[in-house]
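All chains should be modelled from the sequences, with the hints used to inform the complete structure.
Protein chains: 2
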Amino acid sequence: MNETTITAQPDTPFIDVVREFDATPAQVYRAWTDPDLIPQWMGPHGFTMELIEYDATTGGRYRYVHRDADGEYGFRGVFHTVVANKRIVQTFQYDGRPNDVSLESLTFEDLGGRTRVRTRSVFPSVESRDGAIASGMENGLRDSMARLEKVLTSQ
Amino acid sequence: MNETTITAQPDTPFIDVVREFDATPAQVYRAWTDPDLIPQWMGPHGFTMELIEYDATTGGRYRYVHRDADGEYGFRGVFHTVVANKRIVQTFQYDGRPNDVSLESLTFEDLGGRTRVRTRSVFPSVESRDGAIASGMENGLRDSMARLEKVLTSQ
Numbered sequence: 029m030n031e032t033t034i035t036a037q038p039d040t041p042f043i044d045v046v047r048e049f050d051a052t053p054a055q056v057y058r059a060w061t062d063p064d065l066i067p068q069w070m071g072p073h074g075f076t077m078e079l080i081e082y083d084a085t086t087g088g089r090y091r092y093v094h095r096d097a098d099g100e101y102g103f104r105g106v107f108h109t110v111v112a113n114k115r116i117v118q119t120f121q122y123d124g125r126p127n128d129v130s131l132e133s134l135t136f137e138d139l140g141g142r143t144r145v146r147t148r149s150v151f152p153s154v155e156s157r158d159g160a161i162a163s164g165m166e167n168g169l170r171d172s173m174a175r176l177e178k179v180l181t182s183q
Numbered sequence: 029m030n031e032t033t034i035t036a037q038p039d040t041p042f043i044d045v046v047r048e049f050d051a052t053p054a055q056v057y058r059a060w061t062d063p064d065l066i067p068q069w070m071g072p073h074g075f076t077m078e079l080i081e082y083d084a085t086t087g088g089r090y091r092y093v094h095r096d097a098d099g100e101y102g103f104r105g106v107f108h109t110v111v112a113n114k115r116i117v118q119t120f121q122y123d124g125r126p127n128d129v130s131l132e133s134l135t136f137e138d139l140g141g142r143t144r145v146r147t148r149s150v151f152p153s154v155e156s157r158d159g160a161i162a163s164g165m166e167n168g169l170r171d172s173m174a175r176l177e178k179v180l181t182s183q
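Going down the list, the sequences are from chains H and L.
Residue numbering for the first sequence follows the numbering used here, beginning at 29 and increasing consecutively.
Residue numbering for the second sequence follows the numbering used here, beginning at 29 and increasing consecutively.
You may find that some hints are simply not true.
[To be verified] Within a straight-line C-alpha distance of at most 25 Å, the following computed SDA-like cross-link-like pairs (lysine to any residue) qualify:
| id | chain 1 | residue 1 | chain 2 | residue 2 |
| --- | --- | --- | --- | --- |
| 1 | L | K114 | H | P126 |
| 2 | L | K114 | H | G87 |
| 3 | L | K114 | L | G168 |
| 4 | L | K114 | H | Y122 |
| 5 | L | K114 | H | R125 |
| 6 | H | K114 | L | K114 |
| 7 | H | K114 | L | A162 |
| 8 | H | K114 | H | T86 |
| 9 | H | K114 | L | V154 |
| 10 | L | K178 | L | I34 |
| 11 | H | K114 | L | F103 |
| 12 | L | K114 | H | N127 |
| 13 | H | K114 | L | G168 |
| 14 | L | K114 | H | S153 |
| 15 | L | K114 | H | F103 |
| 16 | H | K114 | L | G102 |
| 17 | H | K114 | L | G159 |
| 18 | L | K114 | H | G124 |
| 19 | L | K114 | H | R91 |
| 20 | L | K114 | H | D123 |
| 21 | H | K114 | H | G159 |
| 22 | H | K114 | L | A97 |
| 23 | L | K114 | H | G159 |
| 24 | L | K114 | H | G102 |
| 25 | H | K114 | L | Q121 |
| 26 | L | K114 | H | V154 |
| 27 | H | K114 | L | G124 |
Read the hints as simulated data drawn from the structure, not as lab findings.
Structure (structure tokens):
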């Protein structure tokens, strides 16, 4: 399995994620934006995902809910920029922390048949970033990346 | 005239703006979101403003162009959250720096007939924030706030 590198330097509001996939940018991008594929990988192991809205176009918006036996967790945001197979800039909000809206920039880099995905999330404060880390988002992210790899392999 | 306080701590990606107005939150909010009023104050002295789109609702988007004798400068973004008279969270992009999308959180605080507006902008990197400062955005912001005060006084 490919590695997921998550970097959160102290005293900054950034979280950086780098992950490579053994698939083309078009394949990875499709899994990242197709409402039929997203619920197959997005979120931690053991959760179901309901996609309420997912319009991955510039100016579009998304909303989804993760559920497990303990409860449900809603997320939403808007897409500032969507360039197919290349780049996504979107906002991100967990309903439980509505004042901690973050901005995520994703790039899909062509490594010649393989793809490197880079994500930079920036939060409105260092405390807000630290809160996201404390909520366990790193594990959820690693789970998601592993699940996405499986989806890409099975296609 | 009320003072505009702009804070940009070194080595952070934040710009904070605080400005009070001798008007109610409803009046300030209206000037901030009404497509007929915005071109009367937004932007530096000496520029005209063309509002191409300005849908200040959650999930809406905006686009406008500032023009002077030297050229034109386009801006666009999406509204993540809009709560009338209280709070706006929106993305912001200058067309000349499309990779430096920032996220702005505005609050309209009721001081009893007067209003304190706070804006926090967060950029995807410290360099990107420094670039925005170097581009002269502080002067444009001070001009805008002074012009907005005039619009509010004349109503």
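Hints and how they fare:
1. L/K114 with H/P126: Given that 25 Å is the threshold and the Cα spacing comes to 14 Å, the pair holds.
2. L/K114 with H/G87: holds, 23 Å
3. L/K114 with L/G168: holds, 24 Å
4. L/K114 with H/Y122: holds, 20 Å
5. L/K114 with H/R125: holds, 17 Å
6. H/K114 with L/K114: violated, 36 Å
7. H/K114 with L/A162: Given pair H/K114, L/A162 is violated - Cα atoms ~29 Å apart, limit 25 Å.
8. H/K114 with H/T86: holds, 13 Å
9. H/K114 with L/V154: holds, 23 Å
10. L/K178 with L/I34: holds, 20 Å
11. H/K114 with L/F103: holds, 22 Å
12. L/K114 with H/N127: holds, 13 Å
13. H/K114 with L/G168: violated, 33 Å
14. L/K114 with H/S153: Distance of about 20 Å is within 25 Å: holds.
15. L/K114 with H/F103: Given pair L/K114, H/F103 holds - Cα atoms ~22 Å apart, limit 25 Å.
16. H/K114 with L/G102: holds, 23 Å
17. H/K114 with L/G159: holds, 24 Å
18. L/K114 with H/G124: Distance of about 19 Å is within 25 Å: holds.
19. L/K114 with H/R91: holds, 23 Å
20. L/K114 with H/D123: holds, 18 Å
21. H/K114 with H/G159: violated, 30 Å
22. H/K114 with L/A97: violated, 36 Å
23. L/K114 with H/G159: Status holds; Cα separation ~24 Å.
24. L/K114 with H/G102: Given pair L/K114, H/G102 holds - Cα atoms ~23 Å apart, limit 25 Å.
25. H/K114 with L/Q121: The given pair, whose Cα atoms are some 18 Å apart, holds under the 25 Å limit.
26. L/K114 with H/V154: With a Cα-Cα distance of about 23 Å, the restraint between L/K114 and H/V154 holds, given a limit of 25 Å.
27. H/K114 with L/G124: Roughly 19 Å separates the two Cα atoms, so the pair holds.
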